[in-house]
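Novice: Residue numbers (my numbering), protein chains in the order written: chain A, 1 to 341; chain B, 1001 to 1271; chain C, 2001 to 2266.
Among the hints, erroneous ones may be present.
Unchecked claim - Simulated crosslink set (SDA-like; lysine to any residue; CA at most 20 angstroms straight-line): (1) C:Lys2225 to C:Gly2235; (2) A:Lys95 to C:Gln2107; (3) A:Lys12 to C:Val2258; (4) C:Lys2051 to B:Ala1209; (5) A:Lys95 to C:Tyr2007; (6) C:Lys2051 to B:Ser1189; (7) C:Lys2012 to A:Gln149; (8) A:Lys91 to C:Lys2225; (9) A:Lys12 to C:Phe2170; (10) A:Lys299 to A:Val263; (11) C:Lys2143 to C:Phe2221; (12) A:Lys91 to C:Leu2252; (13) A:Lys95 to A:Leu169; (14) C:Lys2051 to B:Gly1056; (15) C:Lys2051 to B:Pro1059; (16) C:Lys2012 to A:Arg122; (17) A:Lys91 to C:Tyr2261; (18) A:Lys91 to C:Gly2103.
Unchecked claim - A short, non-exhaustive set of chain C residues, derived as facing chain A with CB atoms under 8 angstroms: (19) His2009; (20) Leu2013; (21) Ile2015; (22) Asp2095; (23) Thr2096; (24) Leu2098; (25) Arg2100; (26) Gly2257; (27) Ser2259.
In case anyone wonders, no lab produced these hints; they're calculated from the structure.
Positions of the beta carbon are idealized from the N, C-alpha and C atoms, including for glycine.
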Amino acid sequence: MIEVDNLSKTFKVYHHRKGFFGSFVNLFSRKHRTVQAVDTVSFTVERGEIVGYLGPNGAGKSTTIKMLTGILVPSSGSVTVNGYVPHRQRKESAKHIGVVFGQRSHLWFDLPVQESFELLQRIYRIPQAQYRQNVEIFDELLNLGDFFQTPVRQLSLGQRMRADIAAALLHNPDVLFLDEPTIGLDVVAKARIREFIQRINAERQVTVVLTTHDLDDVEKLCKRVILIDNARLRFDGELTTLRRLLSTERLLSVDYAEIYPDVSIPNAHIVYQEGARVQYRFSPEEISAADLIGAILKKFKILDISIQEPDIEDLIKTVYEDNLMLERKLAEPISPDTQAN
Amino acid sequence: MKSLYLAFQVYLAFTMKSFQKRMQYRVANLAGLTTNFFFLLVQIFVYTAFYAVYTGPLPLNLHEIITYFVLCQAFFMLMPFWGTRSEVTSAIKSGDVVLQLTKPVDFQAYWFADECGRAYYYLFMRGLPTFLISILFLDVAIPQQPAVLMAFAVSMTLSIFMSAVITITISSSAFWTLDTTGIVGMSYSIITLFSGMLVPIALWPEWLAHIARWLPFEGLIDVPFSIYLGKITGIDVWVAIGKQVAWNLFFLGFGRFLLTRGFSRLIIQGG
Amino acid sequence: MHHLSLYFHFVKLRIRSQMEYRLSFVFDLFSQASVSVIDFCMIALLFNRFKQLEGWSLWEVGFLYGMIGICFAVAEMIGRGFDVFQESVVRGEFDTMLVRPLGTFYQVFAHEFVLRRVGRLAQAVAILLISNSQLVIYWSFAKVGYLLISLVSGTCFFIALFVIGATSCFWTVQSIEVINIFTHGGVFMGSYPFSIYRWWFRRFFTFIVPLACVNYFPSLFVLGKVESLGVSPVGVQLAPFAGFLFLGITMLFWRFGVSRYQSTGH
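Given only the sequences and the hints, what does the whole structure look like? Please build it.
Specialist: Have a look at this one:
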């Protein structure tokens, strides 16, 4: 479905001279340096998969997506999507993919959603029956009816995202690219969009490639993740594998009812203590979260307690800094009991 | 006296800020400079062709015409309509302008200072280069008597001030209508024509020139340039400058009236 | 066929959203017309004083002025997408165009339609018609056809200039404002007979930026001045095609530019 082989992209970044004379010289000759945005990345995605394409800001996620969708021309390497080379057969390729960028809408700003959709129907030459059926289904799942007549500029972020995702699927694409589809949304809106993506994937066998900063997105949607950092591929495999490798340590924050002189718990390390607020670091392999909380409740009175998952940025940082270790761990067989955890 | 000096310093700071803000757009300025010269070149071609075959008496010779249009292009960016899209106008449209009332400065004076900063930027970055390069390559007349140069300097300064007060007057319409394009467009047309920027008023038919003499806009271009070319001399110079001062005062007062009315309107409506 | 009907659909939507602010639209129309009428005032004032310009009368020059005014107004009306292309890039709209199954040139072209330029267009048409009524022009079907082709060609010429400006955005963030020299400056200089300019100026605006081919030479043919000026009649008849050629070349330049597109942010 998607084949990426040794894909690289370099950008020229121009150096601007300062001063009046400098800006004049800039018009004629410019110094530049080369930035490697994507470096020999290879992977394949099969039909019907949902893949999380993850990495910190500036890692090269968007650049990869832009090459997969035909926006950018690769510097070297090859890409095929649905059997088309996106930058060479851009128009053909575009007919079979759907694209959503969370940061900006693909719809027409001053047109009502319905007219944007009808315009897309014309652009993609979607048969009337298919168009009607799709709008009906999407309306049912995303409640588009609430704002179908509203100009896009007046939509809330959540409504806009729902409209954008529906718009990207009107022409029944085989592959859907989602770049940060839940950015800035509240919990309810996020859940709704995740559910929709799941159903579309299950019912229509649409392949989904998703970039996100939200670990929840990944957990709810992706079986498989691809990690990229500093332009290079760092990990490609099952999410459970990644989790086992990375989430060895978690954080537990506790607000005690009063200030206790000694709050130490066996197998848990105190990260910091500020008055009645204490944060512990623990490894589920040494002590389970339930046991740890039980131990605390037995000894102290508490007001509030919460477990923090390490967020994706931290995880990826770990992968990057600890690259060698990760490779070593990957080589080890996964034992059934840790997998269940 | 001391407080007046301090107030002056405050507004001078506004002028400097407005000047410096524009220093960032030097490449655009370079493009603008090129455009100025292109238009100047075409104007010279046109007048040369007209003068080549015309045999009757003319109030300005070709040499003077070229000088006139060199000055026109040099001072082009100092004309009122370029300021009508400034930040102050958008602040009026958005209603943010009420914030200005909380500051301990006079709003009109602040705006005037801001406009002066713009004018001085274009005087030094656009006007001066245009003029100096023109002297090198074209047949530009330079007045020999210091008195003429002095009178020109005074008249041109009054032109720059008037440009600022006219800008404020036109832009104040934003208090009443959010869409100022109609008014700006109309005033652009009237000002370009009656300032003498398109054709020197001396070459106009008598009846139209007569109308122009009764309007303030000749003070922007035609009056200072005619003084420069020695077409206005003796006591007439004093009369011309006196008229410029009078029109300046008129627009100052009128602009002030509009601003006061505009602000009270804004406050009553709740901004 | 699909492209054409889609284009008209785009135009329809654009017009409708511009008409939403009716009062503002009327103001704009008015302002546009009044600004451009000033240019003709200048010509009229000059002719009032000097009577003629190298054998051209006021209304002959008015005809020239009307022709170039029409071309520029129409070009600004339909080719605005290229004029504001830099903003489209900054806002990421061009990325959106690249993921749609349509050509980029077509999409940028269909992106904007500025109805209020009708004000300027009407003014130019009016001057052309008045000039025609004041002159004795022997009209034939061939001449009308030739004039229409010339007007289309002149429109292509200005659109081509917008395309050059837009294409430069693929290399530099600051769009080259120098292109204004050729657009607005072109209208200004194109309002006068070309014979008044120096030889090097004429060469440049005939062979490199073919302004004379879409305006001056066609006007010679329509006004019946070809013989008296001793210009090659075949050359004059073929001249308008330079506008189409010019647009064709800039379209190739555009294609090259798109292949160098770097998008914003990585």
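Novice: Does the structure break any of the earlier hints, and which numbers would those be?
Specialist: 6, 8, 21 and 26
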